[in-house]
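K.L.:
Keeping their order, the protein sequence lines are chains A and B.
Its first residue numbered 1, the first sequence is counted upward by one per residue in this note's numbering.
Its first residue numbered 1, the second sequence is counted upward by one per residue in this note's numbering.
Derived by calculation from the structure, the hints in this document are not laboratory data.
The reader is advised that the hints may include incorrect statements.
Unchecked claim - Listed next, the in silico EDC-like pairs over lysine to aspartate or glutamate satisfying Cα-Cα at most 20 Å (straight line):
{"#": "1", "chain 1": "B", "residue 1": "LYS167", "chain 2": "B", "residue 2": "ASP225"}
{"#": "2", "chain 1": "B", "residue 1": "LYS88", "chain 2": "A", "residue 2": "ASP90"}
{"#": "3", "chain 1": "A", "residue 1": "LYS228", "chain 2": "A", "residue 2": "ASP270"}
{"#": "4", "chain 1": "B", "residue 1": "LYS88", "chain 2": "A", "residue 2": "GLU91"}
{"#": "5", "chain 1": "A", "residue 1": "LYS289", "chain 2": "A", "residue 2": "GLU278"}
{"#": "6", "chain 1": "B", "residue 1": "LYS167", "chain 2": "B", "residue 2": "ASP87"}
Given next are the chains, with one letter for each unit.
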Amino acid sequence: MEAAILARDVRKSYGEVRALAGLTFTVPSGTIFGLLGPNGAGKSTSVKVLTALTRPDSGRAEVAGADVLAAPQRVRRAIGVVGQRHGSADEATGRENLVLQGTLYGLGRNDLRRRSAELLERFGLADAADRIVRTYSGGMRRRLDLALGLLNRPRVLFLDEPTTGLDPEARAALWAEIERLASEEAMTILLTTHYLEEADRLASELAIVDRGRIVASGTPDELKSELKGDSVQVELADAGPHAPVREALDRVAGLRAVQVQGRLVHARADRGATAVPEVLSALESVGVKVASVTTARPSLDDVYLRHAGRAFTDADMEVAA
Amino acid sequence: MTVAIRQSWQVNLRCLRAFVRQPAWVAIALVQPVIWLLLFGALFKRVVEIPGFEGGSYIVFLTPGVAVMTAVMSAGWNGMGFIEDMDKGVLDRMLVTPLWRGALNAGTLLYALLTIAMQVVIIIGIGYAAGASFVNGVLGVAILVLVASLLGGAIAALSNALALVAKQRETLIGAVTFVTLPLTFLSSTFMQSSLEPGWVSAIARFNPVNWAVEAGRAAVTADTDWTLVGTRIALLAALLLAAATLATKAFNAYQRSI
Numbered sequence: 001m002e003a004a005i006l007a008r009d010v011r012k013s014y015g016e017v018r019a020l021a022g023l024t025f026t027v028p029s030g031t032i033f034g035l036l037g038p039n040g041a042g043k044s045t046s047v048k049v050l051t052a053l054t055r056p057d058s059g060r061a062e063v064a065g066a067d068v069l070a071a072p073q074r075v076r077r078a079i080g081v082v083g084q085r086h087g088s089a090d091e092a093t094g095r096e097n098l099v100l101q102g103t104l105y106g107l108g109r110n111d112l113r114r115r116s117a118e119l120l121e122r123f124g125l126a127d128a129a130d131r132i133v134r135t136y137s138g139g140m141r142r143r144l145d146l147a148l149g150l151l152n153r154p155r156v157l158f159l160d161e162p163t164t165g166l167d168p169e170a171r172a173a174l175w176a177e178i179e180r181l182a183s184e185e186a187m188t189i190l191l192t193t194h195y196l197e198e199a200d201r202l203a204s205e206l207a208i209v210d211r212g213r214i215v216a217s218g219t220p221d222e223l224k225s226e227l228k229g230d231s232v233q234v235e236l237a238d239a240g241p242h243a244p245v246r247e248a249l250d251r252v253a254g255l256r257a258v259q260v261q262g263r264l265v266h267a268r269a270d271r272g273a274t275a276v277p278e279v280l281s282a283l284e285s286v287g288v289k290v291a292s293v294t295t296a297r298p299s300l301d302d303v304y305l306r307h308a309g310r311a312f313t314d315a316d317m318e319v320a321a
Numbered sequence: 001m002t003v004a005i006r007q008s009w010q011v012n013l014r015c016l017r018a019f020v021r022q023p024a025w026v027a028i029a030l031v032q033p034v035i036w037l038l039l040f041g042a043l044f045k046r047v048v049e050i051p052g053f054e055g056g057s058y059i060v061f062l063t064p065g066v067a068v069m070t071a072v073m074s075a076g077w078n079g080m081g082f083i084e085d086m087d088k089g090v091l092d093r094m095l096v097t098p099l100w101r102g103a104l105n106a107g108t109l110l111y112a113l114l115t116i117a118m119q120v121v122i123i124i125g126i127g128y129a130a131g132a133s134f135v136n137g138v139l140g141v142a143i144l145v146l147v148a149s150l151l152g153g154a155i156a157a158l159s160n161a162l163a164l165v166a167k168q169r170e171t172l173i174g175a176v177t178f179v180t181l182p183l184t185f186l187s188s189t190f191m192q193s194s195l196e197p198g199w200v201s202a203i204a205r206f207n208p209v210n211w212a213v214e215a216g217r218a219a220v221t222a223d224t225d226w227t228l229v230g231t232r233i234a235l236l237a238a239l240l241l242a243a244a245t246l247a248t249k250a251f252n253a254y255q256r257s258i
């Protein structure tokens, strides 16, 4: 299958900060590809490089068969982009935004008028078309952003955290729309997200990004099946020394990949249900009090934990701190 | 080429529509120049009595100066639009399209020229009501509006360039505050240059604000020196072109930095 997006050892730094440290991946034509990672992992920088918004320091990137450095205008003509922030001018009406955007793509007047009306209709914005965007709801603005990104009939669509900040209803509607675009219009979609469930639901293939490089890739099922057994998570009552906890748990048969982070212990077990009482008695024997124990089937969260060596939420917190 | 013109026009339309929907800021932008015009006009009324001052009315002398000053003050804020668009993600959304980068500049500059011309006309009207007269009639006034707009356009372009490089409101506010007032005072806006300290008039010769004030004043007062008017218009036009080119180049710097 022809590659719609190709990145080879792409590097980019901002001063001392290394945003991309050798990013390499391929997106086959006509698929939804998820780029999953915590805040600050390099997802947005990847999108900026691939959409020819900024230049990589080194490496090669091609989109729709055009090189982002050698032929940025060809890349720009072939793609649509929905950024993390609202890209619409909020002091203008929805229709005015579309007309300006269409002019930037060099669409002819009649084509532009027809296409704008069609998209406004399709995204349920026909009645609000001549209202100032500032009066739109969050969901309406997001739909307008999507309409702006689709105006030029792109072959490759970039969605940078498209559902961040949306209410559950608007999120579900957007998911349905994204699936429709991929299946009915055979569009290649690169989606970045830091919602694991979003990647799980939408992406046919995904790559986990951490600290500017891909740490794992494959279909969601492939990634999950790499992990044998269930995850076991123990919340300790107090954050004591890690060594006794680790020692106690090492003695539990069938328990693997024990990681202790503060008051949280992650591990894997062939059968979570049978491991729980053994974990509890092992910890009790060394006098460690337990606040809660949970087990779960493998999730992308666990995949992330395994490949990035830390829990997803912790990685997010690191950036926030 | 026609695509580039359509793009610039749409960018300009966007600014004009925003302006029509919120016209109050024109009044706000005019408060300061009106105060300068009326307050300085009254305060320094007797400047004309200084030996060596040519002409009999300070308001006649002052009006073209304040007209130019209005353009300077108003144009300095032009880059703020880019910074707002950066913060909202509008600028990046436009830069991922294949648009001609210059259209963003050309469109906002056209808008700046139109609004500056309008403000300058209002100031001239207030000056007229306060007793200023304009020899050479409509032609003189038109030249005054032209030089003020050319200067305003150049400053607006520099403001755009600075906005793209600095990406911060604070930097732009600092630059406008620290640059525009000294530039205005280091010119013959308020005082005839032959009566200014030597160092002021020496600096003023290289000050674009002074070029516009001299040409604009010459065009509306007696014994017009048309050579001076012509050369100053040429200098200001060249400055505008250079500033606009710089502002378009600044997009490269912006895109490298994000």
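K.L.:
Does each hint hold? Answer for all of them.
P.N.:
So, going through the hints one by one against the coordinates:
1. B/LYS167 x B/ASP225: The given pair, whose Cα atoms are some 43 Å apart, is violated under the 20 Å limit.
2. B/LYS88 x A/ASP90: holds, 9 Å
3. A/LYS228 x A/ASP270: Distance ~7 Å between A/LYS228 and A/ASP270 Cα, so the pair holds.
4. B/LYS88 x A/GLU91: holds, 12 Å
5. A/LYS289 x A/GLU278: Holds - the C-alpha atoms of A/GLU278 and A/LYS289 are around 14 Å apart, at most 20 Å.
6. B/LYS167 x B/ASP87: holds, 9 Å
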